[in-house]
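*Asks:* Please put together the full structure from these sequences, using the hints given.
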Amino acid sequence: MSVNPFDLKTVVLAKHAQHVVLIHFPIALFMVAVAFDFLAQWAKSRSLAAAAYFNLLLAACFTVPVVATGLAAWQWALEGQKLKGILLMHLVLGCTSAVVIWIVFLIHLRARRHPENSLPTYRLSLEAIAVLLVGVTAHLGGFLSGVNGQG
Amino acid sequence: MSTAVLFATTFGVAFVGMFAGAGSLPPAAQQKSETTEVKIDNFSFGPAELKVTVGTTVTWTNHDDIPHTAVSTDKMFKSKVLDTDEKFSFTFSKPGTYEYFCSIHPKMTGKVVVQ
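Just so you know, the protein sequences line up as chains A and B, in that order. Each residue of the first sequence is one higher than the one before, counting from 36 in the working numbering. Each residue of the second sequence is one higher than the one before, counting from 2 in the working numbering.
By construction, these hints were calculated from the structure, which means they are not laboratory data. Just so you know, not all the hints are guaranteed correct.
Claimed, not checked - No farther apart than 25 Å at their CA atoms in a straight line, the calculated lysine to any residue pairs in the SDA-like style are these: (1) Lys117/A x Lys81/B; (2) Lys79/B x Trp111/A; (3) Lys119/A x Gly97/B; (4) Lys79/B x Gly115/A; (5) Lys81/B x Trp109/A; (6) Lys117/A x Gln116/B; (7) Lys79/B x Cys96/A; (8) Lys119/A x Thr98/B; (9) Lys108/B x Gly56/B.
Unchecked claim - Distance windows between CB atoms, simulated: (10) Glu87/B x His59/A: 50 to 58 Å; (11) Arg81/A x Lys108/B: 46 to 54 Å; (12) Ile138/A x Gly97/B: 48 to 56 Å; (13) Thr156/A x Asp42/B: 27 to 35 Å; (14) Lys108/B x Lys79/A: 26 to 34 Å; (15) Lys88/B x Ala107/A: 23 to 31 Å.
Since we're looking at a predicted model, the values are computed, not measured. Glycine included, every Cβ here is placed at the ideal spot set by N, Cα and C.
*Replies:* Below, the structure is given as structure tokens:
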């Protein structure tokens, strides 16, 4: 028996399905934000930097419901049992990614509030690390859900 | 050949044939074997429907690279998260139909019919 992907009610209300749906938003927003920020740095463009900032803002906001639904899935679907292996790695990397996304956003927010200070260049390294973290976390998540690999 | 010899020969052949034939009976007729293992592989339970008798212990083994669980819909049994090659066993002591699913991948479902 399989779930009809076009049956919206079943798909959205399935246990832990919300996490799987929501997670795509911060991933996409953050990746685009980093791309804009690198382009802004290279082209010295204020509008690209602004685009990066607003994408980062949305990405950071989306991490809240994503982490919440992820933790809820752990408590609800697995009843909070002790995790190990891929599930534990996904949890740890996911939380770390959310924290790093917030740090990157706060660096941009601080620079935006104090225009006399330019954005520190070390943020680009941090953003690159964050992209790597998000990528690995997403890969593990896809592996768990069966999107990557088997299924 | 006397009647007694003919009778003894016929009886002897029939007697030997009776025991010789016993070894060639189909296995199902000798012993009714039941599958008590459910293999978890490629995001599915196999067999998806298992028929067992009361008192049978069913063992789920995860042959997948992904963690899975086996949780009955009526909360009769619930495994921990099973990593690759880990097992979970449950003994069915009452007849009935027990539907179960993987709580990580709810579209994975199975059924144990206890007779």
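*Asks:* Looking back at the hints listed earlier, which ones does the structure fail to meet?
*Replies:* Hints 3, 6, 7, 8, 9, 10, 13 and 14 not satisfied by this model.
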